[in-house]
Amino acid sequence: MKSHTVKLLLDIQERMEFVNITPRVEDAVRDSGVREGLCLVNAMHITASVFINDDEPGLHRDYKRWLEELAPFDPSPERYHHNRTGEDNADAHHKRQIMGREVVVAITDGRLDFGPWEQIFYGEFDGRRQKRVLIKIIGD
Amino acid sequence: MKSHTVKLLLDIQERMEFVNITPRVEDAVRDSGVREGLCLVNAMHITASVFINDDEPGLHRDYKRWLEELAPFDPSPERYHHNRTGEDNADAHHKRQIMGREVVVAITDGRLDFGPWEQIFYGEFDGRRQKRVLIKIIGD
Amino acid sequence: MKSHTVKLLLDIQERMEFVNITPRVEDAVRDSGVREGLCLVNAMHITASVFINDDEPGLHRDYKRWLEELAPFDPSPERYHHNRTGEDNADAHHKRQIMGREVVVAITDGRLDFGPWEQIFYGEFDGRRQKRVLIKIIGD
Numbered sequence: 000m001k002s003h004t005v006k007l008l009l010d011i012q013e014r015m016e017f018v019n020i021t022p023r024v025e026d027a028v029r030d031s032g033v034r035e036g037l038c039l040v041n042a043m044h045i046t047a048s049v050f051i052n053d054d055e056p057g058l059h060r061d062y063k064r065w066l067e068e069l070a071p072f073d074p075s076p077e078r079y080h081h082n083r084t085g086e087d088n089a090d091a092h093h094k095r096q097i098m099g100r101e102v103v104v105a106i107t108d109g110r111l112d113f114g115p116w117e118q119i120f121y122g123e124f125d126g127r128r129q130k131r132v133l134i135k136i137i138g139d
Numbered sequence: 000m001k002s003h004t005v006k007l008l009l010d011i012q013e014r015m016e017f018v019n020i021t022p023r024v025e026d027a028v029r030d031s032g033v034r035e036g037l038c039l040v041n042a043m044h045i046t047a048s049v050f051i052n053d054d055e056p057g058l059h060r061d062y063k064r065w066l067e068e069l070a071p072f073d074p075s076p077e078r079y080h081h082n083r084t085g086e087d088n089a090d091a092h093h094k095r096q097i098m099g100r101e102v103v104v105a106i107t108d109g110r111l112d113f114g115p116w117e118q119i120f121y122g123e124f125d126g127r128r129q130k131r132v133l134i135k136i137i138g139d
Numbered sequence: 000m001k002s003h004t005v006k007l008l009l010d011i012q013e014r015m016e017f018v019n020i021t022p023r024v025e026d027a028v029r030d031s032g033v034r035e036g037l038c039l040v041n042a043m044h045i046t047a048s049v050f051i052n053d054d055e056p057g058l059h060r061d062y063k064r065w066l067e068e069l070a071p072f073d074p075s076p077e078r079y080h081h082n083r084t085g086e087d088n089a090d091a092h093h094k095r096q097i098m099g100r101e102v103v104v105a106i107t108d109g110r111l112d113f114g115p116w117e118q119i120f121y122g123e124f125d126g127r128r129q130k131r132v133l134i135k136i137i138g139d
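Protein chains in written order, with numbering that gives the first Met the number 0: chain P, 0 to 139; chain V, 0 to 139; chain S, 0 to 139.
Fair warning: there could be bad hints in the mix.
No more than 30 Å apart at the CA atoms, straight line, and that leaves these computed lysine-lysine pairs for DSS-like [stated by the list, open to error]:
| hint | chain 1 | residue 1 | chain 2 | residue 2 |
| --- | --- | --- | --- | --- |
| 1 | V | K1 | P | K1 |
| 2 | V | K1 | S | K1 |
| 3 | V | K1 | S | K6 |
| 4 | P | K1 | S | K6 |
| 5 | S | K1 | V | K6 |
| 6 | P | K63 | V | K63 |
| 7 | P | K63 | S | K63 |
| 8 | P | K1 | S | K1 |
Covered, in the sense of this in silico footprint (three residues per stretch, anywhere, with C-beta under 8 Å from a C-beta of chain V), are these stretches of chain P [what the hints assert, rightly or not]:
| hint | stretch |
| --- | --- |
| 9 | 28 to 40 |
| 10 | 45 to 56 |
| 11 | 61 to 69 |
Label pairs and their in silico Cβ distance ranges [claimed, not checked]:
| hint | chain 1 | residue 1 | chain 2 | residue 2 | range |
| --- | --- | --- | --- | --- | --- |
| 12 | P | R64 | S | K6 | 33 to 43 Å |
| 13 | S | P56 | V | D30 | 39 to 49 Å |
| 14 | S | P22 | V | W116 | 19 to 29 Å |
| 15 | V | D54 | S | Q129 | 22 to 32 Å |
| 16 | V | E77 | S | D108 | 49 to 59 Å |
| 17 | S | P56 | P | Q129 | 26 to 36 Å |
| 18 | S | R110 | P | L8 | 15 to 25 Å |
| 19 | V | W116 | S | E67 | 16 to 26 Å |
| 20 | V | P56 | P | D26 | 40 to 50 Å |
| 21 | V | D30 | S | R110 | 30 to 40 Å |
| 22 | S | R110 | V | W116 | 29 to 39 Å |
| 23 | S | E25 | V | D54 | 26 to 36 Å |
| 24 | V | K1 | S | E25 | 21 to 31 Å |
| 25 | V | K1 | S | K6 | 19 to 29 Å |
Honestly, the hints are just simulated from the structure, not real lab data.
Nothing here was measured: the structure is a model prediction, and the numbers come from that model.
Note that beta-carbon positions come from the ideal geometry of N, C-alpha and C, so glycine has one too.
With these hints in hand, go ahead and build the complete structure from the sequences.
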């Protein structure tokens with residue numbers, strides 16, 4: 000069994016931002032030499048997500064508005080107890096649970112085994128600094 | 000390490016529909032010959048989910064109503080920017096994020112290692128056509 | 000390829016309760032002898048979640064209030080069809096879908112390959128009895 004580990008560094012400019020990391024995951028799969036296996040991609044931060052969906056700017060705008068409705072940013076200590084610790088990012092911990100921490104993707108014939116529109120995104124909800132994504136590949 | 004890949008074809012009659020695919024995943028596990036390993040099951044579409052829960056029609060009815068409240072179907076270009084592209088399925092992209100893209104299930108002694116009520120469902124939110132599910136099994 | 004399977008037993012006192020199971024998952028990883036691989040941790044119940052987030056009591060209080068807003072406990076048969084079966088836990092099946100069933104964590108150099116704040120929780124939404132968590136580790 001082969002394994003391969005990559006940690007991506009991402010400079011996230013906005014508080015809430017989605018970055019298409021599919022090409023970098025494809026690079027990791029190619030470098031791994033794995034032909035048949037599984038590829039885990041996860042956020043290493045607890046206010047961020049890795050998710051698979053469409054690379055369409057209107058949809059991403061819709062997601063951001065919707066997540067803001069479901070878990071509004073509110074740095075005050077009233078809405079979120081978490082923000083009584085001096086943090087202001089309780090909303091980001093909630094948004095991340097909606098969008099998920101990780102994806103697991105099949106590798107078949109040496110490539111990500113994707114449907115036609117699947118793309119992998121890093122989704123950050125408390126950004127404006129450098130962030131990390133873990134890629135772990137196992138297989139033969 | 001063994002690996003086994005199956006793509007299920009499903010004819011989805013309704014816009015929103017849940018299909019119990021557990022027997023077909025069990026078939027794939029048996030065909031794989033894997034005794035100890037992991038089984039990934041994922042939707043190959045970005046308006047659909049694979050999830051594990053109860054096979055109880057009342058619960059499925061509840062899920063559909065709840066998802067419709069959280070992300071209502073609205074083909075107009077006002078509510079969802081995604082629907083300005085000519086699509087009408089922005090709601091389906093949102094519902095899918097709540098229910099998730101994939102499940103990973105342990106294989107122990109050659110079988111899906113499940114709790115008593117766990118069943119695997121394909122959940123479609125923009126159906127009325129043929130859809131695909133990927134099963135990827137790795138192990139020994 | 001090595002594999003290792005552990006089933007944790009948890010005594011859940013409250014209806015909704017989060018338990019940090021990270022030390023027990025770390026024990027399983029050490030016992031497995033796997034240096035490079037994947038670790039699946041999943042709830043064996045369909046009214047419960049395994050999720051990764053911060054071990055901060057204020058945040059957990061926020062999650063509980065938020066999940067109660069998104070899917071309120073209501074044992075009557077009016078709100079949830081599922082509760083016409085004699086159950087009172089339809090809300091728990093909904094809360095579990097928000098928080099997820101499982102996590103998959105990379106194992107690198109014999110340890111869970113975590114970002115600085117990642118901790119693994121069992122989240123129960125219909126507790127007050129003994130519950131089970133499955134840990135499945137594969138790798139070399």
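The hints, checked one at a time:
Note on K1 (chain V) and K1 (chain P): the hinted pairing holds, with a Cα-Cα distance of about 13 Å set against a maximum of 30 Å. A C-alpha spacing of about 13 Å is found between K1 (chain V) and K1 (chain S), which places the hinted pair at or below 30 Å, so the restraint holds. In summary, the hint linking K1 (chain V) to K6 (chain S) is supported, as the alpha carbons are separated by about 24 Å, within the 30 Å threshold. Proximity of K1 (chain P) to K6 (chain S) is assessed by CA-CA distance (about 27 Å); at most 30 Å being required, the pair is judged to hold.
At roughly 27 Å between alpha-carbon atoms, K1 (chain S) and K6 (chain V) fall within 30 Å of each other, so this suggested pair holds. In summary, the hint linking K63 (chain P) to K63 (chain V) is supported, as the alpha carbons are separated by about 23 Å, within the 30 Å threshold. A hinted pair counts as satisfied when its Cα atoms are at most 30 Å apart, and K63 (chain P) with K63 (chain S) qualifies at roughly 23 Å. Of the pairs offered as hints, the one joining K1 (chain P) and K1 (chain S) holds, with about 13 Å between alpha carbons and a cut-off of 30 Å not exceeded.
Requiring three or more residues with a Cβ within less than 8 Å of a Cβ of chain V, the coverage given for the stretch 28 to 40 of chain P holds, as 3 such residues are present. Residues of the stretch 45 to 56 of chain P with a Cβ under 8 Å from some Cβ of chain V number 6, which satisfies the need for three, so the listed coverage holds. Here's how the stretch 61 to 69 of chain P fares: 4 of its residues keep a CB closer than 8 Å to some CB of chain V, so the rule of at least three is met and the hint holds. R64 (chain P) and K6 (chain S) have their C-beta atoms about 42 Å apart, which keeps the hinted 33 to 43 Å range intact.
Distance hint check: the CB atoms of P56 (chain S) and D30 (chain V) are about 47 Å apart, consistent with the given range 39 to 49 Å. At about 28 Å, the CB distance of P22 (chain S) to W116 (chain V) agrees with the hint of 19 to 29 Å. For the pair D54 (chain V) and Q129 (chain S), the beta carbons lie near 23 Å from each other, so the given range of 22 to 32 Å is met. Taking the beta carbon of each, E77 (chain V) and D108 (chain S) are about 52 Å apart, inside 49 to 59 Å as hinted.
For the pair P56 (chain S) and Q129 (chain P), the beta carbons lie near 29 Å from each other, so the given range of 26 to 36 Å is met. The hinted range of 15 to 25 Å is satisfied by R110 (chain S) and L8 (chain P), whose Cβ atoms lie roughly 21 Å apart. As the Cβ distance of W116 (chain V) to E67 (chain S) is approximately 23 Å, the hint placing it in 16 to 26 Å holds. In this structure the supplied range 40 to 50 Å holds for P56 (chain V) paired with D26 (chain P), their Cβ-Cβ distance being about 46 Å.
Remark: the range hint 30 to 40 Å for D30 (chain V) to R110 (chain S) is upheld by a beta-carbon distance near 35 Å. The beta-carbon spacing between R110 (chain S) and W116 (chain V), approximately 33 Å, falls within the hinted interval of 29 to 39 Å. Hint check: E25 (chain S) to D54 (chain V), Cβ distance near 35 Å, so the stated range 26 to 36 Å holds. Evaluation of the 21 to 31 Å hint for K1 (chain V) and E25 (chain S) yields a pass: the beta carbon distance comes to about 28 Å.
The hinted window of 19 to 29 Å between K1 (chain V) and K6 (chain S) holds, with their beta carbons roughly 24 Å apart.
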